[in-house]
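J.: Following the hints, put chains Y, A and U in place on chain S, whose structure we already have.
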Amino acid sequence: MWIFWLIAIPLVLFALGVVLSKNLFRSTIYLGATLVLTALIYLLLHAELLGFIQILLYTGGVATLLVFAIMLTQRIVGEDITQQSRGLVGGAIASLAVLLILFFFLGSSQLDFSVRPYPENLNLALGKNLFVTYVLPFEVLSVLLLAAIIGAIVMARRDR
Amino acid sequence: MQHFPVLSLILLAPFLGALLTMFQPKEAYYRVRIIPAIAAGITLILSIYLLLKYDRSIGGFQFIEHYPLIPQLGISYHLGVDGMSLALVFLTAFIIFTGVFASWTILERTKEFYTLLLLLVTGVFGVFVSLDLFLFFLFYELAVLPMYLLIGVWGSSKYIKPRGIFARMIQEVGVGTKEYAAMKLTLYLLFGSAFILVGLLTIYKVSGLNTFDFLELNAHKIDPRYQKFLFPIVYIGFGVLAGIWPLHTWSPDGHASAPTAASMLHAGVLMKLGAYGVVRVGMQLMPQGATEWVWLVGTIATINIVYGALSAMWQMDLKYIVAYSSVSHMGIVMLGAATLNEPGLNGSVFQMVSHGIMTGLLFALVGLVYEKAHTRDILAMGGFGKRMPGIATFFTIGGLTSLGLPGLSGFVAEFLVFLGAWQAKQWYWLVPGVLGAFFTAVYVLRALKIIFWGPFNEKYKDLPDAIGTEWVALAVLSGVLILLGVVPFILLHPIDVSVMELLSKFKGVLP
Amino acid sequence: MNQVQVLTLLVLLPPLISFAWNGVVIPWRRAGKPAAWLSILAILTSFVASLVLAKTVLASPGPYSWEWTWLPFQNFKPIIVGFYIDPLAALMLVVVTLVASMVQIYSLGYMSEEPAGSLGRYYTYHSLFSFAMLGLTASASLLQIYIFWELVGLCSYLLIGFWYQKPSAANAAVKAFWTTRLGDVGFALGIVVLWAHTGTFALPELFHKVEAGQIATSILALTMLLVFFGAMGKSAQFPLHIWLPDAMEGPTPVSALIHAATMVAAGVYLVARIFPLYSHAESVMTFIAYIGSFTAFFAATIALVQEDIKRVLAYSTISQLGYMMAALGVGSVMAGFFHLFTHAFFKALLFLAAGSVIHAMHTNDIWKMGRLAKPMKQTAIVFIIGTLALAGVPPFAGYFSKDEIIIKVVESGMVLPAIFALATVFLTAFYMFRVVFVVFFSHREPEGHPHESPAVMTGPMWFLAALSVVAGFLFKGLFEKFFGHAAEAMETAQEAATAASHVPGWLPILTLILALGGILLAYLIYQKEAISHERLRAQFRPVYVMLQKKYWMDDIAYFLYRRVLVGGLSVICGWFDRYIVDGIVNLVTWLTRKSGEILRLLQNGVVQDYLYGVIFGLILFILLGIF
Amino acid sequence: MTVTPYIGLGFVLFSIGLFGVLTRRNTVGILMAIELMLNASNIVLVAFSRMHGNLGGQLFAFFTITVTVAEVAVGLAIVIQVFRLKKTIHADEITLLKG
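Protein chains in written order, with the numbering used here: chain S, 482 to 641; chain Y, 29 to 539; chain A, 39 to 665; chain U, 1219 to 1317.
Quick caveat, the hints were computed from the structure, so don't treat them as lab data.
A few chain U residues facing chain A, derived, Cβ under 7 Å:
| # | residue |
| --- | --- |
| 1 | LEU1240 |
| 2 | ASP1310 |
| 3 | THR1313 |
If you want a taste of the chain Y side facing chain A, the calculated C-beta under 10 Å gives, among others:
| # | residue |
| --- | --- |
| 4 | MET197 |
| 5 | TRP273 |
| 6 | PRO274 |
| 7 | THR277 |
| 8 | ASP281 |
| 9 | PRO371 |
| 10 | PRO417 |
| 11 | LEU431 |
| 12 | PHE439 |
| 13 | LEU447 |
| 14 | ALA449 |
| 15 | LEU463 |
| 16 | ARG474 |
| 17 | LEU520 |
| 18 | MET528 |
Beta carbons: idealized from backbone N, C-alpha and C, even for Gly.
Chain S on its own, in the form it takes in the complex:
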């Protein structure tokens, strides 16, 4: 259990950093850290494949994209972008309220939260699920990604 807390506490701290940091670059770094730590959480939850995907795809892809975007905008603006926040009190109250509600439900839940075993040979099962049962959504996703890439290129182009 201690491993969990070892990961969870920095995770929360990094997350706070993401939303509170004044420097956009730092926020991005914190986000990257958050995502990596999340991958570790996945490992704890016996979702190894997902953990690796998280690091490869998410952390790599998203963080890189964000850095690109920031640099691009900064080049256009011509100066460093400092982050500002608005309505900190209101935001805090609202998000705390949501948190309270969520925990209220978690506390009042009658569910049995103990772990049940995964099937034998987890990766085989995952593979079957992904490429047999859900092959159609999987393929649709690839189309979506393609479309997103094309769309992003088209939208971000300077002149048309």
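T.: Below, chains Y, A and U alone, put in the same frame as chain S:
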């Protein structure tokens, strides 16, 4: 009986016509007009073929085509016509054929106009020939919606001087503009559709047959307890389209703002969809419910007749006069339906056809007069008979049909309805009915007098008569009016056969 | 097909063909003269055929009837159309075709100044008019009568409004249509109710049923009363007579046709046609007798002061129609129909002669005429013949028929109708001779240069004049032979009344004295000017004004139309529709729009603020869920 | 072992993300906060997957990650485009949706 799929062809011809027209280059002046004309001509020929081939001795639904579409939900592609729908298919074919010619001179976005017109008419044909309630509703919506664009794009606006305590309100909602009319019409009809959808789905549910098939539902007896509240729902839903009082006000505004062919189709055919729906779905599927509520149907119908006629008398705008006369005449249709007896229902269906053709003629003429004189205000007109004798003659024929002059089809219809009205439980319906016919005479002849008679206004000395293709519409429509007036039995015979089948559902229900 | 059928078709079809040809072949119609000749040829063919038909039918009275299905039914007997020919119909066909052909020939002269296109239209209408009237006459069913009845109304509308650019003509045309149409509301109701209770429109069947007593008396009375409203409209009975004088706005030959043989005769003919039904509805018969005799008197008084030559004739027509109705009301088809027969000739004659005068003078005002006997000798003679016939002076045609009516009315024992009938004799003679003296003999110099009309106009006039002289004594026996028995049937029904009264032998002499008295008085006032008519006018000023204003009947009708219908009910309805029914709709629209305008302030475009809304909503829902 | 702490962790991260979305003025920052929220939901998904012994949750998280990448790509493109148009990257100054 083996036959080629006539009904599918009737549906396909305008639909393909619409597609073909859509893909024409827009500078092809003749092609975008000839293609719709050919499509409409094909449906006309096919509908006449139907009329000739329909076996009156057998009756019932004929020319049936049946293929399952979604068998799990009991939805199928099921087409067929009986005498009643036959008459209306015949009517629709005539109106669209002449409507194409009547809008020959539209120059703005002609291609799109004809595409929408043909789509609309596909929907109308679909409603009349489908024997599956799901299909029925689908086509119904297809018929209702293109109107929004037809009025909104090609319509005409008219400035109405705001007056009285509601002046500000009237100005703010934009009464008189084509956008207002288009929106009003569409919202009203969708309001009705909501009721229809609820009604149809409830029928589907309570019948417990898991089918939308009309024939199967027809053979099944819906629980009378449900019928009692289902009938008013269906009545209101279809009634909106049939222009029942007090849900009729979309009709004058809509018809006045719509372009000629759209008014012709809408007043001539679409309003009949409503009446047809009440008779077909309301009465045929729910005889007990209909019997229970027929007093309401008939009372509202008589209000329609008298009120519509009197309102028409007040109007000074030619299109509004014709539009209100439609409200009045739809009252006769509904009154005939409410009598629930043979002459009344015969008259009702016959009036649907007769009024459709008549109002098509009148709207075509109003369109011509407007196009040439550039005004719809009858007080600004006068002595037009001298410059446009042809239009005056046809207008007179239309007007005389409207007031029920014998020898023209309107008389046969009205007289049959009157015959039925006296034999209905509420015999006193006859009196407002006949009085309405008198009021019609007053406003029709008054309008004719003001427009065509009287001293000639020199302002209009260059007014031309109708030309070229316009004659086609006028001559064909008037010809049918006279034909149906002199030999009504050619149409009445198949109608009668179907009406008797409908009435057989009422055996033991009517006291 | 037997001979009667062929002949009937020969009577009916030529005008129809002429109408169809002239109507559809537009260049032919626009040419004018060819259309006219075709129409005349057609009506002459009909006339000859109708003569042969009458001869055949009178030799063996029939009745002949044959029919076709028009509207099919399954639960009810199909509605039929067809023909029903008996002596009544056959004679009526002769009258109609005769007068129509005379009028059409005469029109060639009268309408010679019309442009060709307009002339073609005129003759097209005429053909349709003849066809409609002939169809009405030969109809085998009440529905068919109604159909042609309305067509007759249509044609009179078209012909009265022939000069449609004249506002007065246009107004007169629609007035005629509306008034008769109002009566037809009753007619339509009547036949609908009758059908509901007998299941048929066919005349033979109805006659059979009523003879067999299969129709309840109350229903019969109700329906016959309603049908009579239709006849009142067409035959211009009080109070639906108002259209007829205005109908003078049409060309004069049209007036002749409408007044003599077609339009107005239709009402009388209808009552005579279905007389077997009426004879079983006694209360309605009495009503008819009172209405008829009152109309006769009422119209005659108005005619006394009219200054328009055609209007005098118009009111005299109303008056004579009243006579006919009164005769039918007391149960004498013979008297009524005989008067219709003779009246057709001399009234057509009078109108044609008046037309000839108007054609020459270009005015209708009798005070602008005078001493026309000299320049228009032929017209004067025929006009006087017509007048004598109308006034009921022997041996002219009117004497026989009118005498017959008066005898029957007095015989019936109804006091008021009898008094009306007798007074009208005097009035008729007076006002007709007033016109004769003023127009043809007075000392006033006529304005302009009157001249005799061409032969194409005088020819028909002479022909009709001859008939006006001889028709009375020549045909009286014939009518008595064929229509006398109907009266007997009536007598049995009204035994008591008939037995109580007996006709004094001096009655014919009294009527003759009354007529001659009227003539004498007119002579004294207008020719000798022994009594000054201006003085009379001043002395009886209130009465004069009342008559001049036609008892304000036109004003009442105008008020009803203008203020009650168009200015009252329709305004209420139209206003209610626009501001209440539609107002509510617009109000809903307006409220929606207004509330939208307020609510849109919430949409400030900052997405994050929307998110607060989402959270707030979420919390709200959860709280709702918990409590 | 129970998954309760994992789920709690997910909730906390979600709230933090929400806080970020609500308070950041910078559109890129908002996008990052959204990433945080999605990430939180993925944790909860995987936790539940573990709890039920059902692989569906993992798969769903997998799909979410993929879609998120696409979303970020398009989202950043939009940000750049809007920036060019409105010359600002502050979300509360971009009020094209204003009624």
